Structures are given as C-alpha cells and as structure tokens.
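**Q** The chain contents come next:
Protein chains: 2
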Amino acid sequence: MSETPDSAVHTADTRAVRTYIERHRSAFLGELAEWLRIPSVSAQPERAADVRRSAEWLAAALGRTGFPVVEIWETDGAPAVFAEWPSGEPDAPTVLVYGHHDVQPAAREDGWHTEPFEPVVADGRLYGRGAADDKGQVLFHTLGVRAHLAATGRTAPAVHLKMIVEGEEESGSPHFRALVEEHAARLAADVVIVSDTGMWSETTPTVCTGMRGVADCEIDLYGPDQDIHSGSFGGAVPNPVTVAGRIVAALHDSDERVAIPGFYDGVTELTDAERALMAELPFDENAWLTTARSHGTLGEAGFSTLERVWARPTAEVNGIGGGYQGPGGKTIVPATAHVKLSFRLVAGQDPARIETVVRTWLAEQVPAGIRHEIVFGAPTRPCLTPLDHPALTAVSGAMSRAFDGAKVRYTREGGSGPAADLQDVLDAPVLFLGISVPSDGWHAPNEKIELDLLMKGVETTAHLWGDLPAALRDTTRAEPLLT
Amino acid sequence: MSETPDSAVHTADTRAVRTYIERHRSAFLGELAEWLRIPSVSAQPERAADVRRSAEWLAAALGRTGFPVVEIWETDGAPAVFAEWPSGEPDAPTVLVYGHHDVQPAAREDGWHTEPFEPVVADGRLYGRGAADDKGQVLFHTLGVRAHLAATGRTAPAVHLKMIVEGEEESGSPHFRALVEEHAARLAADVVIVSDTGMWSETTPTVCTGMRGVADCEIDLYGPDQDIHSGSFGGAVPNPVTVAGRIVAALHDSDERVAIPGFYDGVTELTDAERALMAELPFDENAWLTTARSHGTLGEAGFSTLERVWARPTAEVNGIGGGYQGPGGKTIVPATAHVKLSFRLVAGQDPARIETVVRTWLAEQVPAGIRHEIVFGAPTRPCLTPLDHPALTAVSGAMSRAFDGAKVRYTREGGSGPAADLQDVLDAPVLFLGISVPSDGWHAPNEKIELDLLMKGVETTAHLWGDLPAALRDTTRAEPLLT
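These protein sequences, in sequence, are chains A and B.
Taking the UniProt record's numbering, the leading residue of the first sequence gets 1, the next gets one more, and so forth.
Taking the UniProt record's numbering, the leading residue of the second sequence gets 1, the next gets one more, and so forth.
The following block holds chain A by itself, in its conformation from the complex (with noise of 0.2 Å):
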C-alpha cells in the first residue's frame, strides 16, 4: 500500500466508506452493546470492579481494531485507557481524541422503559446507559478509523493517531488533570478531537467550536460571635445575611452585565459574523425554556439567548445560606452567611486575573464588623478555537461529506470541561466533534443514540484522519489558543 504523503491517496471516498460502514455496522453495534453491559458508574464505590473491567474491555477493543499501543493507566481513581497507532509518515499531525468510558447511575425504576445496562435497539436507536455519553461516541472511532483504512487502502492511519478514555469523568475528573500532566508528552498533539458532546440536531449537523471556563469560590461572612437577638440588637450591627444579599445583587449592573471592575477585561468579543452565524441557527426560545425547566429568560443587555450561554462569561450565585432556615420564624441577627459563586468564562478571560478581581471586588463590599473568608476551588479554562482554524476546517468539511454535503453550523458548549485540561497541558487547539442530539438524554432515563448518526461520526472520522494532513501541512503547530 501507499504510505506517501500524497492528499489524493490519503481523501477516502465517501462510497468506499459507506460501503465498508455497512458491511460492519452490525458487529460494530454488537461490540458497542457489549461494552454497555458494563455498569461503569463511576460515581458507586460498589461499582468500581465495573469501571476497571469497563477499561478493560476497551483496551481489548482498541488492540482488535489495530492500534499498536493500548494501555490501562492508573489513577488515584479509576483507571483511564490510552492507545497510539503511529502514522506511516512522521511528519503527520498528530490527533489526540478524547473521550470518557464512566457512565452515569441509572436505575430500572428511575423511569428507565428497559433495563439501562442492557441494552436494546428500536427504531433505529440504542437505548442504554452510556449509549451517547460516551460510549458511544468513543467506540465509533474504532469503526472510524478501520473505515479510514479502508476507503484509503492504508495500513496505518495518515494521522498518528491517540485516544485517551477517562474513567472519571462523570465525577468530575478528578484525577485527570494530574493524569495528562503525568504522560504530557505521550499525550502530545497537534489537535485534540473531543467526542463528548452533541450536535444542534438531527437535521442540523454542527461542529462546537468552544467551551466556556468556570471558576468558582465560596464566601464566608462572619458577623456577631452568635446568633444574636433581633430584637435587643436588630437595626444597630451588621448582619451578615444582610451583607450576603447585597454581596449578590452588587454581581450585576441594572443590564445584567457582570458588575465586578475588571471582569471583562481581555474578553475575546464575538465578531459580527460569529454572531450572524449563531443568528441563523434555528433557535427555538420556548423549547429551550423547555429544556432548561425555567420560566422566563434574564441576561445581559445586547445578547440573545444563545450568545448569553455559548459566549458571555457569567456571575451566577449557586447557593447562599445563614441564619435560620427552618420553619417558622425566629427573631435573630444571625452570626454567619456563606455565598457560593461560579463564573463562567470565556476566551481571554484568565482564571487567575479573576480570582483576583473578585477578591477586591469582594473586600469592598464588606461593611466594618464582619470578617469576610473567599476561597476558590481549581478553575478550569476556556477554551476557543477560531472559525478560520484549519483543523476546524477539516473538521466540517469531513462531517459534512457525511452528511451528504449539508453546511455544518457552528456551536459553543457552555458548560466547562476536562477538555481544557487537555488544552492547558499539551497547548493544542480543542474541536469537539460530537454526534449525539439533545433528545438522546444525558444523565436522563432512556438515554439512547441514533444509529443513522453514529454512524454519520464513524464517516466523519473516517475522512477526517485523510484530509487532516493536507489540512494542517502549512502549519507546523497549531495557532495558539484564543484563551
């Protein structure tokens, strides 16, 4: 076979590959039922024998599908599995997928209409635990890849190819970070490709260009040494929940805009063909109020919905308590208050340059007789790839041969993950190239996948690791990160 760095000998047709999905889809998906039989829940110690026979399980896999390197790593948790099929040419990019083989809990009588772990195929869907997050989308580059080789006639993939499958992630990734810094330079990549995410639906195939970042703190307000009386005292010292509330609402201006000095400084703004992209997505408000179980939509001044949760940072308050909350009354200036805040954060905002805005910011706010304590968590980093990026290029071009030349949209995620962490250590640009849609129901009852969509992300991968190389050639390392 040819192993020249030749793009016409790398670009797989898109019947070879449909053809090769079909003749393996139905071992495929028997592999994928396999794996989902498994009940890695990695958030039931009692499970913990599962996630690791879960890792297992997918090494074995990756080993029959052909990468030359699997191993199982260890953590201070559940084990993650990582594999490696170089490329016949050294100077090919280098992809790093990442994905996650824990699932979620579920439970017969949850609402679930079959057995979560044991899954069962009806109108062209899966239905299971772990069925699209992530299992799913993990396995299918198993297919994808032997499809690539394939429609291409490779013995080796034109990409050098890593996966790196968590055991943790729906417990929040723990151990991942140290994990990556550990085999930073296993790990390292041109292009980190995360399938863990989803599409904008069935009929609208996207590619999510980012995430938001996240940095979180607790407040503590300490006022009188105890609950003091209300009525003795009441009117004449600070009284901590008092300072609390105005803590809270000093959060954010009369335009919902985040009110802290310095907040927004360094933020990456959406250019206006960022914004008339997100513009033409169908955007549905009232089923996304659905979706989000609330009544009503608040935000910042100037910006849509969309615009609000994908490329706004954000103050939110996540719980507040002091004083007394049981029922009935009680007449006292309490001792304490405690705030809890996250801020979401998008390209150019610094964790760090945050943290100690908000602690100045914080400082101010406190009145003369209560002690105030802030102490934030780990945070975790924006991430944004341009839309001019090449491999994001590559990306929608390879998604949307397989969706039959359809235009493929982009989207943000904004919620915060592991990915970053991926981002951070190894410097590369992210893509999340996920294939699942918002009614497969994640963490819910019935999760499923649609099968004609997985097997749209076995096509997608399988041209991408073709027309990656091509895509990449003029850049010797990927453009920094917008972060």
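Derived from the structure by calculation, the hints contain no laboratory data.
What you were told as hints is all true, and nothing was included just to trick you.
Same chains, same names: a pair is fine if it fits in one copy or spans any two.
Here are the simulated SDA-like pairs of lysine to any residue, each with C-alpha atoms no more than 25 Å apart in a straight line:
no., residue 1, residue 2
1, K330, D227
2, K407, D272
3, K330, T291
4, K330, A378
5, K330, D220
6, K330, R246
7, K330, T290
8, K407, D13
9, K407, A273
10, K407, G124
11, K330, A352
12, K330, T356
Remember, predicted model here, so these are calculated numbers, not experimental data.
Please arrange chain B on chain A, whose structure you already have, making use of the hints.
**A** Just chain B now, with coordinates in the frame of chain A:
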C-alpha cells in the same frame, strides 16, 4: 382602718415600708428559694408536671399573701395563675401585674457554679434559674402589697390589684393571647405593670416605657422547576437566589434606612426631649458591643445606637437559603430560594399596614420567570407609654422614693413581648417595672438577682399602689396608646 380615698392615707411612709420589708425579708427569700427549686422549664415536655407544680405553688403563695381570688387558668399548654385583690374603694384604678412562672432550661454542665435548681445566697445575691427571669420579679409583688398594707394601715390595696402569671413565656407565649382574649373581662385594667424587664444598672434606676413590635414573614422564590446546569443555562435565565440577594439588598438604602415605600408612614418620631434623655444615659458602646458579641455598629443614619435599637423600626434578615450549601461547589442555577425577614415596629406603625407595603414592594422586586410567595406570621404590636403619662410619673416617683430620691430615667426595650397582647386586648397602657440588671444572666448560666435591688422592687410597689389613685384621679381611663 380608714378606707377613704385620701392620698395622705394611701401614701406609704418610707420608713414604715422599709421596716416592714426588713422584718419579712428573710421569710420572703425562703419562699422564693422554695419556688426556685421547682424546675418549671416550659420548653421541656418532661418538665410539664414541674411547670404545673410551679403554678400551684404560686397560687398558694398568693393565697397566703391575702389575695381573696386566686385561680389556675388552663391553656392549651402550661397553666397560668390569676389573682385578684379588690380595693376597698370601688372607684380605685385597676392595675394588672404581668409576669411568668416558667423558666429557661438550665443544667450544671452548661457552666453553672452551683446546681441551677438549688438556690444559693452569696455576696448579697440569690443564684438560681429564674431568680431574675422571672420568679424573683413576680414574687416581690407579694411582699410589696403586704408592705403597702402595713405602711398605710389598710386591709385592702388602694388599687384593684390583679396578677396574671403565665407559664409559657420562655416558649414564646403560644397560648397567651388566646388566654387574654378568653378572660378579657376579668383582666380589664387601667394600667398594666409588666415585671419582666430590667434596669439600666445597679446605680441607674430606670423605667422602661415601651417595646418595639415585630412583624415577620417568609419569602419563597421559585425559578427553574429543578436545579439546572449553570454551564448550559447560566447567564440566560433568572436565578431565584440572585433575586433573594437583590431583595435583601433592596431592603435598605445607602443610609441604612428601610427602603420599602410607606414603611415609615405614621412612625412616632422621637422628640428632642426624649433624645436628650436617652443621650444622658451612661451608654458605653464598647461594652454594648461586647454584650452584642458583635464587632461593629451599623444602622440608620442620624440616630445613636440606643435610638436605633429602642426607638427606630428596622428590617432584618433572620435567615436565607437556596441552592447548594454543602461542601465544595456545585455549578447550578438553583430552583428555589427562601428569605426570612422580620421588621421591628415602633409606635405609630400598624402591622397590617406594614404587611401591605411589604407585599407591594416585594412584588416589584421579583422579575418575570420567578414566582414568589410570602407568608406573614402573627405580628406583635409596639407599645409605648408617653413620658408624661400620669401612671408613668407615679411609677418613676415610687421608684425614686425606693432609691433614696435618685433620678429615675427612662429606657425602652428593643424586643417585643406578650405585654403587647395585654395592651391590645385590654386597651390599657403598659408600664415596665423591672429591677433586674444586665449582669443577672437571663437565659445564661449562674442567673442571679441582687437582693438589695429585689427589695427596691418591693419598696417601689409598696409606694406605687398608694400613689396611683391620686395620679390617675383626673383620668377616668388611661390615655390612648401611641400605636
């Protein structure tokens, strides 16, 4: 004996009063100690029999004192004691003394140096739970009326003397108002004397002229139907905890005045004379802060600390809760938030009107997409006796005689109490005659009463019952109250 309404006959001679008291002091203290041995803790269900025994003990003691009518009044909780001693003169004013026979919980291990229910006399003080709050201050009326009779040579008091001594004050007087309403005709009085308060200090005799009222409410705020992901939805939907914070912040303006429109309508403002009298009191703000266990003062601009807690209405947050309050962070937009508020009220403020203005104001604070509910508890009205009220003049005059001619000053009480129920239902002015001092340790370990001050209380009432008829002679009924 003469029973003519001649003030010369009524007025007791100071020497005669003191002679009588000295002769009976020891026996009186023996009786008080006997009562203090009954652990009448109303908050502890297992002490219910002791609370009843305490009522029976008091009824017997009042019978021995000479009250011709002594009854135990049942409530849906602990029993109260009622006693009545008609004056010989039908036109004599009627005085109702209020106190309570239940006590706070107490246990040696809380820090008592002696057994809390084994009273001990040391250094001129009587130690024991209830010594000051309120058994000592109830029982001094027995010796007081006997001294009044002895010193004036009367066989019945110069006033129609009634006593109502409840058994649930330390549990919030849950059945007191119903009791007063049930027996309103028998409790009818021209003046109510509450003996359940304190004086400024051992060396500054004072009479309390009013208590603040209180209205309280709980506000519930409902946002999304459940906690939702702050990454997916944060920044675009209203957050009920944010709204709770804004409500709390909106309670006050930058001068720490309550910012609810209409809140101050009708407030009886302090006169310059009242402010001057308050300013004369030897107030030590640092000592007050130590008592408050607080680390700073903060309150309505333009008023002193004493004015703020005694004579100004307030809005206080007693508790707040919403969202995640456990350890660490949780990136949610919470579904609900709850705020407990209480408003201290002063004369001129009507609790029903306060409820109306708070409801109106609240509705304006809540944005679309958030549903709110507000529930008010039963309010307690403020009470205030004008400084020129003849009964107040009589009380301060009698106290001055007991304190060797010392100037008697006026205080107020920032808290709220069941006295307001008496004021409301009986439409009578309430005067607070207490001889406890701040060091007596109400609700604390090692509660005590100063025996010399206790005897001053006896002496004050011995004079007061004689002085009141003349003081009230020109008023068929006491002045209308400033509420």
